[in-house]
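**Student:** If you want the building blocks of each chain, they are given just below.
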Amino acid sequence: MLRTIGHRLLLLIPTLLGLSILLFLWVRALPGGPAVALLGEKATPAAIERINELYGFNRPILEQYATYMGRLLTGDFGSSIETGRPVVEEFFRRFPATIELSIAALIIAVGIGIPLGYLAARRHGRISDHLAVVLSLVGITIPVFFLAFMLKYVFAVQLGWLPSDGRQNPRIDATHYTNFYVLDGLITGEFDAAWDAVLHLVLPALALGTIPLAIIVRITRASVLEVQNSDYVRTGRAKGIARRTLRSRFILRNAMLPVATTVGLQVGLLLAGAILTETVFAFPGIGSFLARAITARDFPVLQGFIIFIAIIYALINLIVDVSYSLIDPRVRVS
Amino acid sequence: MLSTPRKRALAGLAVVAVGALALSACTSQRGGDGETDAATDVDGTFVFAASADPASLDPAFAQDGETFRVSRQIFEGLVGTEPGTADPAPLLAESWESSEDGLTHTFQLKEGVTFHDGTAFDAEAVCANFDRWYNWTGLAASEALSYYYGKLFRGYVDTPDTAVYDSCSADGELEATVQLKQPFAGFIPALSLPAFAMQSPAALEEFGADEIGGTEEAPSLSEYGAGHPTGTGPYKFDEWSPGEELTLSAYDEYWGESGQVDQIIFRVIDDPTARRQALEAGSIDGYDLVGPADTAALEDAGYTMVSRPPFTILYLAFNQAQPELQDVRVRQALSHAIDKEALITQVLPEGTEVATQFMPDTVNGYNPDVTTYEYDPEQARALLAEAGYTEENPLSLTFNYPVNVSRPYMPDPEQIATVISTQLTEIGVQLTPQTDAWSPDYLDKITGTPDHGIHLLGWTGDYNDTDNFVGVFFGAPSAEWGFDNPELFTALNEARGIPNLEEQTELYEQINEQVAEFIPGVPLAHPAPTLAFDPRVESYPASPVNDEVFTGIVLTE
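Sequence order for the protein chains is A and B.
Mapping of the first sequence onto my numbering: position 113 corresponds to residue 113, and the numbering continues sequentially without gaps.
For my numbering, count along the second sequence from 1 and bump the result up by 1000.
Here chain A stands alone, though its shape is the one from the complex (with noise of 0.2 Å):
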């Protein structure tokens, strides 16, 4: 089991290799220059000069390869050019933002799609499965910025139930010690601090959930429904197993296989949703900075905060493979 895990984190580094090669070079490769990218069109040659001295771009290009790569190595990706501070420091005053509405996202979408695509598989053809079906196909068809929007605009605009934006009432005086909101008001016992934050991540997690609800509920129902209908369900059922055994072990524990693909993918899909929907909740996550830097061309954030994601990709299909295995044990024997 280390080994897998020791050999999967080896792999990692030919993975962050690679992508660092493609950012130092998608920088470089900006119509103009990233000088001219930077600062637009009408920019004075002096500006490009200073920039270029700036970042460096001005020297051999091997050199500034193995600049770049030094600098990646000791954690330093320089500062943001729209805020004057620290990548590393930008991406983790954020980066807590969005752990906590992943979690919540991937807490609806796994918690409801999983039963639900359970459902609809045992009571395949009936009228409930053609329901979750439909609704699941809806679910993965609709924009993630127009959900956040009709979400926002029918339970906050207009009945008011939820908030409509940010992480925590601003007028609620509370402690902040991990930039965890609702972890920090369950620490220093602030409750009504926690649950306000817990309120807040409702529609954004709804919104940024539909598409992995809606993706899992299909895979479910499909892996389900084959599991149901193989060999050794049949042979089980014939040695007259128990139902309730025979649905846990032998059906759910076998289905559930592909569905831990799928969720492991769909984190990837949150981080990409997340741009969207923070930006119309005003959650100050990565999410919306990452929109903001998009605009304004602020490329050291970009490349940091790319890599950063990369990472973490990487870690949680790691993860996700880790539970494959303990899920099957036949992945551990091969």
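Because the hints were derived from the structure by calculation, they are not lab data.
No experiment lies behind these values; they were computed from the predicted model shown.
Treat the hints with caution; some may be incorrect.
[Claimed, not checked] Incomplete in silico selection of chain A near chain B, CB under 8 Å:
id	residue
1	76
2	79
3	83
4	84
5	152
6	157
7	163
8	164
9	166
10	170
11	249
12	279
Even glycine gets a Cβ: it sits at the ideal position worked out from N, Cα and C.
Given chain A, put chain B in place with the hints provided.
**Tutor:** Then chain B, alone, in the frame of chain A:
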């Protein structure tokens, strides 16, 4: 009978459903509890949505509205503005005297004022600020950082030849004298800009306010600019979580009147629709630059709408690089064809005023008796005919305007262009619309090339300075207007250098008449920027130059 897994699944669904119901039953409005001001029984916490973070907490290194909005709460300058106008008024200086030649200015300072760190505000502090600005070098002295100082005082210690500032001396505790090298008629009104606010010399030094890294294009903040702004204003700095919110609280030792608002929270919401929805959902108390399309809806829904007295100008410019527009009869005809009143009622926000010249009436040198061109389509047609344009041979022009942009002076260019097109078509002009994205395309085309016909553009003033309006437009030959009128250029250059405000005002009045007769374009309107507030806000101290301190806000609950 239900089998177990199904029961479980159903139970799971039920839990989720109940949870959702429980969540939805709770509302998010918590304003009021705990924070209530016992004396006046209102919630003293005021939440305002900003469109962006401040660029820096040090206003001397800033030039944008969001930074200045925050600065105006923390800092005060020697000079303020009369409420609701752009005219200078005493603030930290109770009075001042300027010498005949405009070079020596003596300020009598307010007594008993302290900075938020306890440092006394006195003549030494005033001179420390003036000297700080002048002695900037390198990056600090670049346009990207000290934009306003560079632009208005025209030089630093490294460039003494062009500099306006000479020296500052403290004559006793409460009298400071500023000596200038060359006359600068706008000196006193310029001091009302937050960029020239008084900052605590002790704090500036302690937190290395001038230690700035990076480059001109990507400067990094000093420790002071990132978290230690120290002024004399009614609110002191508490906390800043970039991208999220910035909190200020009332300064207990404030010399002036402290209002109902004892805590200000600036929340960053960069999407305009999200700002409006945040107001509707009750999570903020107000926001600025309401889109004209939202104004009526919000007003009908009971929100408090406040329009600033306009300090803007929207105009239709005639590019005289086009031969047709070189004929003054054509320019007169086009002027008579435009119904400004109709334009304002149809597509501009409430509070917008008709423009007769290229500056609002609050600016020095506004000429109330300037020549105007009343809406008269008959006369317009006659003038066109005189110039040789008939139905068989109509005048045809390109009409340039930007799309997908909203400026304080031009909330919706497409709508404005539609109204103007209709009015011009009415007198038989054939228009070819040509649209571009605002930045960089439109601005480049209009200000950088002769390749445009008639076009829409405008301006928002920084402070009460005439040159900041007409000087910008007509002070030198430009690609935007495409004319060469040496008489006008000379008059403007002359007016700019005159130290005496009265003499200067008279000259500018003449210049405005000169412009009106020359008709470089049609001054259309002075659109009023609008703010929207929660119904609990009874009044807001709107200022044409955005000099709005939140102590002046009146709340009902």
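**Student:** Hint by hint, say whether it matches the structure.
**Tutor:** We went through each hint and held it up to the structure:
| no. | hint | result |
| --- | --- | --- |
| 1 | 76 | violated, 14 Å |
| 2 | 79 | holds, 6 Å |
| 3 | 83 | holds, 6 Å |
| 4 | 84 | holds, 4 Å |
| 5 | 152 | holds, 6 Å |
| 6 | 157 | holds, 5 Å |
| 7 | 163 | holds, 4 Å |
| 8 | 164 | holds, 4 Å |
| 9 | 166 | holds, 7 Å |
| 10 | 170 | holds, 4 Å |
| 11 | 249 | violated, 12 Å |
| 12 | 279 | holds, 6 Å |
Hints 1, 11 from the earlier list are contradicted by this structure; the remaining hints agree with it.
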